[in-house]
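With chain W fixed as given, assemble chains L and U onto it according to the hints.
In order, the protein sequences belong to chains W, L and U. The numbering of the first sequence is numbering that gives the first Met the number 0, which starts it at 0 and goes up by one. The numbering of the second sequence is numbering that gives the first Met the number 0, which starts it at 0 and goes up by one. The numbering of the third sequence is numbering that gives the first Met the number 0, which starts it at 0 and goes up by one.
Any given hint could be a false lead.
Quick list of simulated restraints, FRET-style, between CB atoms [what the hints assert, rightly or not]: (1) Ala141/W <-> Gly51/U: 58 to 64 Å; (2) Gly133/L <-> Gly51/U: 37 to 43 Å; (3) Ala132/L <-> Gly537/W: 51 to 57 Å.
Simulated from the structure, these hints should not be mistaken for lab results. Cβ atoms here follow ideal geometry from the backbone N, Cα and C, with glycine treated the same way.
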Amino acid sequence: MESKLIMYEYTDFDEAFLRDRITEFRSQIARRLDGSLTEEEFKPLRLMNGLYLQLHAYMLRVAIPYGTLNSRQMRQLAEIAERFDKGYGHFTTRQNIQFNWPKLSDVPDILTALADVGMHAIQTSGNCIRNVTADHFAGAAADEVEDPRITAEIIRQWSTDHPEFTYLPRKFKVAVTASDTDRAVIRFHDIGLRLRRQDGEIGYEVVIGGGLGRTPMIGKVVREFLPKRDLLAYLEAILRTYNLSGRRDNKFKARIKILVHETGLEDLRTRIEANFVQQKRLLPDLDPVKLAQIEAGFRPPAFADKPVTRTLSPAMRAFADINTAPHKRADHVIVTVSTKAVGSTPGDVTSAQMRVLADIALRYSHDELRISHEQNVVLPHVHRADLPAVYDALRDAGLATANVGLVSDIIACPGMDYCALATARSIPVAQDIARAFADIDAQRDIGPLKIKISGCINACGHHHVGHIGILGLEKSGVESYQITLGGDGTEAAEIGSRAGPGFAHDEIVPAIERLIVAYLDHRLDRSETFLETYRRLGAAPMKAALYGGAHDKAA
Amino acid sequence: MSTVVDKTGFVPDLWQDSPLHTYEELGDASALLLTADMDPELIGPHLEQLSLIVIPFGSSTDGRGFSLARTLREMGFSGHLRARGHILVDQARAAYRCGFDDIEIEDPQAARNPEAQWRSVSQRFDYRNDLLAG
Amino acid sequence: MTKGFKPKVATANHLIEGDVIYFTSEGWSRRIETAAVARTAEDAEALIEQAGQCPQETAGASLIDVDLSTGIPRPVHFREVFRTRGPSNYFHGKQADHV
Numbered sequence: 000m001e002s003k004l005i006m007y008e009y010t011d012f013d014e015a016f017l018r019d020r021i022t023e024f025r026s027q028i029a030r031r032l033d034g035s036l037t038e039e040e041f042k043p044l045r046l047m048n049g050l051y052l053q054l055h056a057y058m059l060r061v062a063i064p065y066g067t068l069n070s071r072q073m074r075q076l077a078e079i080a081e082r083f084d085k086g087y088g089h090f091t092t093r094q095n096i097q098f099n100w101p102k103l104s105d106v107p108d109i110l111t112a113l114a115d116v117g118m119h120a121i122q123t124s125g126n127c128i129r130n131v132t133a134d135h136f137a138g139a140a141a142d143e144v145e146d147p148r149i150t151a152e153i154i155r156q157w158s159t160d161h162p163e164f165t166y167l168p169r170k171f172k173v174a175v176t177a178s179d180t181d182r183a184v185i186r187f188h189d190i191g192l193r194l195r196r197q198d199g200e201i202g203y204e205v206v207i208g209g210g211l212g213r214t215p216m217i218g219k220v221v222r223e224f225l226p227k228r229d230l231l232a233y234l235e236a237i238l239r240t241y242n243l244s245g246r247r248d249n250k251f252k253a254r255i256k257i258l259v260h261e262t263g264l265e266d267l268r269t270r271i272e273a274n275f276v277q278q279k280r281l282l283p284d285l286d287p288v289k290l291a292q293i294e295a296g297f298r299p300p301a302f303a304d305k306p307v308t309r310t311l312s313p314a315m316r317a318f319a320d321i322n323t324a325p326h327k328r329a330d331h332v333i334v335t336v337s338t339k340a341v342g343s344t345p346g347d348v349t350s351a352q353m354r355v356l357a358d359i360a361l362r363y364s365h366d367e368l369r370i371s372h373e374q375n376v377v378l379p380h381v382h383r384a385d386l387p388a389v390y391d392a393l394r395d396a397g398l399a400t401a402n403v404g405l406v407s408d409i410i411a412c413p414g415m416d417y418c419a420l421a422t423a424r425s426i427p428v429a430q431d432i433a434r435a436f437a438d439i440d441a442q443r444d445i446g447p448l449k450i451k452i453s454g455c456i457n458a459c460g461h462h463h464v465g466h467i468g469i470l471g472l473e474k475s476g477v478e479s480y481q482i483t484l485g486g487d488g489t490e491a492a493e494i495g496s497r498a499g500p501g502f503a504h505d506e507i508v509p510a511i512e513r514l515i516v517a518y519l520d521h522r523l524d525r526s527e528t529f530l531e532t533y534r535r536l537g538a539a540p541m542k543a544a545l546y547g548g549a550h551d552k553a554a
Numbered sequence: 000m001s002t003v004v005d006k007t008g009f010v011p012d013l014w015q016d017s018p019l020h021t022y023e024e025l026g027d028a029s030a031l032l033l034t035a036d037m038d039p040e041l042i043g044p045h046l047e048q049l050s051l052i053v054i055p056f057g058s059s060t061d062g063r064g065f066s067l068a069r070t071l072r073e074m075g076f077s078g079h080l081r082a083r084g085h086i087l088v089d090q091a092r093a094a095y096r097c098g099f100d101d102i103e104i105e106d107p108q109a110a111r112n113p114e115a116q117w118r119s120v121s122q123r124f125d126y127r128n129d130l131l132a133g
Numbered sequence: 000m001t002k003g004f005k006p007k008v009a010t011a012n013h014l015i016e017g018d019v020i021y022f023t024s025e026g027w028s029r030r031i032e033t034a035a036v037a038r039t040a041e042d043a044e045a046l047i048e049q050a051g052q053c054p055q056e057t058a059g060a061s062l063i064d065v066d067l068s069t070g071i072p073r074p075v076h077f078r079e080v081f082r083t084r085g086p087s088n089y090f091h092g093k094q095a096d097h098v
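So here's chain W without its partners, still in its complex pose:
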C-alpha cells in the first residue's frame, strides 16, 4: 500500500501559525460575546476566518489549497461533518469545502480539528487574497510545463496574513495553470498565471482583470513573459497599484477588473511596471532552501510498473470513457468522480463517501485527491490495472455516475437554499435538469455540455462561462431564471450572451429541454458539440426554441 505523502507537507511554521490564529479567533469570539467587539467589527474578523452567516445558520468555508487533499485530510473532513455538522460537506467552485450548519461556539474546535491535519479556513473570505486555485489535473496532466502547484504554494505562503494586502478594495482571486488547455479558468480571475516556456526558460504569462459577477470580463495579458524569479515582485506591484487605486466608493466597482477597464490596460501596465522595477530592487529572492522544500513537495510519486491484465466490463468501459482523462504516464489515468448523481446536490459529499474516497486515494492514487472547480473529486494517479477495483469501490458508494462533462454534470452555487446573498434557488434547478436527462445513453448522445447555475449576480456558479448559463433572479416577487448561451471558461474564453427574458421556476427546465432538442435538430452530426453548433449558427435557432417565432420577430 502506498502511504508516502507526496504533496507539500505543512511545516512546523505553518502548524504553529495555525494554532496561533485559532487562539486569536477564539479570543475574538469571546470578545464578541462579552461585547468588546460589535457585530460590525466582528464580521470582518470572522470572515477572515472563513465564517459566514447565511440564511439558516453559519457557514464555514475551509480552504483546500490548489484543490489538493490527502486521505488523512479527507477523513478529517468526514469526521468534522459528522461531529459538528449534518454529515456532509459541500465542495465549491473555488476548490473549497463548505460546512453549512456549524455553531459559532464550535468553530474554534472545528478549526483545531482542521489544524490537526494542516488545514484551515483563513482567507477564504474577506477583501484579501483568497485561496489560490490551480489546474485540478496538476502533476498528472500530460501537457503541463511543470506542476503549477509549486507556484500556487509560493503564492499561498506569500499571501497568508500579508500585512499590506489584507484590506483590499475587494476580494482577490488568483489561479494558476501550466498547460495550454486551461482547466483553471485563469482568464476569469483577478490574476491568472500560465506557466510557459520561452527560449528554454520557464516563466509566466500574467493575465489581470478577469472576473465574473455583475460585470463579467475576460482577463487581459499584462505581461507576455515574466521570469519565474520575478513572480513575487510583480505580484506586489499589481497588488500595490490595486490597493491604492482600486475604487472603494462602490462595492460593485471595486474589483481590479473595473480598475483595468476604467484606467485602460496600457496606463495600468505602465504603473505596474514602474512599481515592479522598485519591488525588484527591494525584494529579496525567495529563500533557496524554502523554495527547494516546496519544489520537493510536488515531485511526482513513484509510479508502479505493472501489467494491465483485466479487461473492463461494459459498465466500466462506459465509466472510463466519460470519467477518465489521459495521464502523463500512458499506463495511468486521471479519474474524475462525479458528485452529480441524479437528484443529488452538486458538490455535496457525505461523510461515508468522503471516507471511501480517502480509502481509494490511499490505495490506488498515491494518497492524493483533488477538488475541481466543477465540484467533482479527482483521483489524479490511477494505474490502469487498478481501474476495475477503483470503479467497483466507487460504484458501491454511489460515486460511479458516468456523467463528467455531460448535461447532468452541472455546476450550481448553494443559491437561496443557503446563501444570504442569493436572489433565487439554484440547487432544485440543477436537480430537476439532471432528472429530466437521467438517461445516461441520452446524455452521451447529447455529448459535452456545460450547464452552470448561479443564484445571484455574483456568479459563484460561473453561469457566464456555461455553454448554457442560468442566472436566478427575483422578478416581481418570484424567482426568475435568465439563460445565457455560448459561454466558455477555457483558453477560448467567451462570456455567454443573454438569450432573452427570464423563465419562472416551473418554466426553466422545459426551456432547457427545448434548447437541447434544438441543438440535436441542428447539429451537423454527433461529433459537433452544443457549443460548436451554437458558434456555427449563432443564437437565432436557440432563441426560436426558447421563445418561439413570436419572440423572434419582436426581438
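Here is chains L and U on its own, set in the frame of chain W:
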C-alpha cells in the same frame, strides 16, 4: 481625546505638541497629515524635512494606509509614522509590519479594546518574510 | 393601521446558533408565529430599536414584511418564507425542528 498604542501597550503621546499640516499647507513644517487618497510620490521632495507623518484610517476596511506606509518606508522615510483612526486590534500586526511606529485611537475605542488586547497581538509569524532570503 | 404600511416583524440570526429568530414581546423566539407585529411606521421603528437592545444575543436584526390574513404573521417575500422553513434539497433546519 485619543490614546496612543504601540507594541508595548498604551504609551504617552510624545508628539502631541507637533501640530500637523496638510500637504497643501506644509511649507517647511515637520509634521504631515497624509490622507489616504494622496499620491505618496508627491511627498518625495519633502521627506528630509519631515519627522512625523500621520496617516488617517477612515474605516477599518480601508487598507490604503498600509500601502502608503510601506511606500513611504521604501522611499526612505525614517521618521515617526503613525496610523490614526478606526484601526482594529487585529490590524495592529499589519500596521507595525507595514512600517507604522504607533496607532492613535479614539478613547471610546480604547475603552472597548483595553491595553491587554493590544499587548496580546501576536508578532510571531511572518509568512512573507519567512519566504524571502536574508 | 397606517395607510399603505405593510405590517412588519423583526428577525435576526442567533449569535451562537446562527439559526433564524424573531422578536416577540418577551424577547427572541425561534417561531415567527409568536413574533411581535408592528402595524404602523412608528411601531416598526420602536420594534427594531427594541430588537437591537441585546446585541450579544443576535447578529443583524432587520424588519420584514408579513401577511396577517390568516391571523398569524406569515412572511411576504419568498426568501423569508425559506427562512421559516430551511433548504429545499434536504429536510434540515426549521422544517425538521418543528416535527
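Hints, verified against the model:
{"no.": "1", "hint": "Ala141/W <-> Gly51/U: 58 to 64 Å", "result": "holds (60 Å)"}
{"no.": "2", "hint": "Gly133/L <-> Gly51/U: 37 to 43 Å", "result": "violated (53 Å)"}
{"no.": "3", "hint": "Ala132/L <-> Gly537/W: 51 to 57 Å", "result": "holds (55 Å)"}
Hint compliance for this structure: hint 2 is the single one not met.
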